[in-house]
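K.L.:
Chains A and B, in that order, give the protein sequences. If you're matching positions, the first sequence starts at 1 in our numbering and goes up one per residue. If you're matching positions, the second sequence starts at 1 in our numbering and goes up one per residue.
Calculated directly from the structure, the hints in this document are not laboratory data. Think of the CB as a built atom: it goes at the ideal place given N, C-alpha and C, for glycine as much as any other residue. Please note that the accuracy of each hint is not assured.
Label pairs and their in silico Cβ distance ranges [to be verified]:
#1 A/29 to B/417: 55 to 63 Å
#2 B/188 to A/121: 34 to 42 Å
#3 A/81 to B/418: 56 to 64 Å
#4 B/211 to A/206: 33 to 41 Å
#5 B/390 to A/227: 19 to 27 Å
#6 B/132 to A/178: 26 to 34 Å
#7 B/188 to A/227: 56 to 64 Å
#8 A/29 to B/96: 29 to 37 Å
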Amino acid sequence: MLLRKIFIFIVLISGLLGGCGTVELTVRKNLDHPNIHPKTVAILPFTLASSAPEDVPAHKLFRECFFNYFSYLGYVDIPLETIDSKLQAAGLRKFKKVLELSPERLRDILGVDAVIKGQVLDTSNFTGGLHAETSIKAKIIMLDLRTGETLWETEHTESTYSGILSPTVVEIIQDQMENVKVHQVLYKTAKMFSLSMIREIPDPSEVWHEKIRLPQITSIETNLKPNQKLHPNDQIYVNLKGDPGLKGSFGIGSWKSNIPLKEIVPGMYSGSYVVQENDEITSALIIGTLKNSQGLAGKRFYKSGMAEIEKTSDL
Amino acid sequence: MKKEKYNNYLQGLLIGFMALSVSACASDLQTKVAGNLMALSKNQTVAILPIETSDTGQKEMAEMFRLGLYANLKQSKFQLLERYVVDGLLQQNKLTDPANFLTINPMQFGEILGVDAIVFSRINKVERSYLVVHSSIELSVSVQMVDTRSGEILWRAEQTEQDFSGIGKIPTGITTAILAPIQFVTNKFNLRRMTSNMVDKLTSLIKHPSEASEESQFVEPVIAKNATNDLKKIEELQQLKSEWQQALVLDEESELSGFGMEAPEVVAIPASIPVEQNIKSTPVAVKETNRVESEISPLPGKHEIKRSQSAEPIPMNALPTKIAEPIIVIEGVEKNVLPATQSNSAVKQSAPKKPLLYTIQVGAYKTKAYANTLEQFLKRKGYDAFVTRSAKKIYRVQVDRFGSKEDATKLAQRIQTKEKLKNFVTRFSGV
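Using the sequences and the hints, build the whole thing.
P.N.:
Here it is as structure tokens:
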């Protein structure tokens, strides 16, 4: 009996001291089939229902934090700056108006399969006596723009709490000290909120594993010969064969990258680099790159010759 | 007076608590960055590889740690390759054990993942201890970021994070004195919180490399060990290749002047590739990339060219090429035409006295050892290979003797197709 009481007490105290509840995320649609999973996702600007303590832009802070964690999941997440600039280009400067847009309109503007809408409903930050608390209450949903359906949603309050029930005096003091730094503690709370959510959001990563294909490079050729020393005005030619219609470039070790290659015939890319007076290249391999529209790159090293500039001392 | 004493007492208490609170969560971080880290921009992509663990109990922490790395490095200047892309490509290449990652050349990762840098991490320790009124958690990790284009270590860090609960933190009551240590080690939230804090501290420098102090920077570029070994191999191979090419050119010259024959034909070079004019003696650059790949760390499931057991150098032309039109047939008068199916010994037996014989030349070197290596390689394959020495002290590796040029050509083609050895038919001038 006594053991049972102790166990219940431990469970209760763990919940209170933990300060972090499990996010209850409701999945509205079964996303088991690969064709159902949205691939590209945009996290729309979050809204703030009431002003946050010390006027910290809690909604922006939470959106950025959530984006950083969400990128871990198997979706192609569009950078926040890209989303914002697309919305602005469409004349949408007020966040609340964005939430009212129809799925079709959003898809037209952003060109993505799904969006995440976030509303920060409440924020709090209180430090006084033995009690310190910071919380974020938010509602977040994922909307499939292809069907207009809600895929999942959650309304959750994340709190960092410290008070009389904290087990040690040192922790109480620590928490009090941390809680007065409003921006930092709100970010910390947003981080714990995001962390808890990420564990619940359906992750299609494994669906894509077999389907990933980088641009293929079948060969790379250069005019570099073994042990050849380069001099100013020498020209390094690079030819690359691979998938057609991609953005080709080459690099000289880590010293220079993104030197453009021109597609002279489909699948055959060619370019060159003229060695400059002040160039300092030491044992650098030539690396050919083909990049597709999704930003995925295929790379190939030319290993039969290295770029090396003859130093004055070598002469 | 009394009030002053009370204030002093309070101040002392506060300082004591402060000292305790600072010591409560100990952190030891050693981190260094390379100057070239600052050169990474949004044009460069970095992959965070799955985390190596030494124990199955560390899996959860490893997953949280990787998640933390992604979330934090998302705020850096470079692009991150999506986790599912990294994992999918590694899976496709059968690279599923993070324990092997450090043995693989970063350049190979560069080609497999199409990235400019990779982040290796390892969980060294996740230790929980419980002693009734005291419990602690200790975490330790190592991280290394390597440039796949040069093998340079861009960032290296080791971190240990410790926290405890119990009597040392002044419990608020007897019950909490007993329960807090249990709660501390059993509540997963504490591990999650500690891991999250750990990654925040660990990545602060890489997010702002320009703020690195002098002691946090590598004095000189440091190249990863596996990259150093393989770059050295490439350089050695290039050195050898350079010598072989020189020897081949010399030999070709001697053949031309000695017998008035055509020089061996090299692979046709597309007119659109002017560069290849400069690399006539390096016929198939395309496959040479693969050749070198095989000289670097082999990948599971990938075709590897077998090297001689004794690690003797094998000429570049002993390795696979993709030459479609292999041989140059040397002009000469044909005598003693033998059926194609006839055995080599039969060829020898039926050869008349002082006949005009043909042989197949597969290599020519200034260094005898190289010629012998190729000779042994061919002998192991069952060919009647031998080495002859020309007047210009060039060691020529030749195969068999034939009474007819057609027979020699047939075998030459077979060697070309089967052994991928560039060769040509020439007159046999004696051993």
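K.L.:
Indicate, hint by hint, whether the structure satisfies it.
P.N.:
Verification of the hints:
1. A/29 to B/417: 55 to 63 Å: 57 Å Cβ-Cβ, so the 55 to 63 Å window holds.
2. B/188 to A/121: 34 to 42 Å: This hint is violated: roughly 27 Å between Cβ atoms.
3. A/81 to B/418: 56 to 64 Å: For residue 81 of chain A and residue 418 of chain B the Cβ distance comes to about 58 Å; the hint holds.
4. B/211 to A/206: 33 to 41 Å: 39 Å Cβ-Cβ, so the 33 to 41 Å window holds.
5. B/390 to A/227: 19 to 27 Å: At roughly 25 Å between Cβ atoms, residue 227 of chain A and residue 390 of chain B fall inside 19 to 27 Å, so the hint holds.
6. B/132 to A/178: 26 to 34 Å: holds (29 Å)
7. B/188 to A/227: 56 to 64 Å: holds (58 Å)
8. A/29 to B/96: 29 to 37 Å: Since residue 29 of chain A and residue 96 of chain B have Cβ atoms about 31 Å apart, the given range 29 to 37 Å holds.
Hint 2 alone, counting from the list given before, is not met by this structure.
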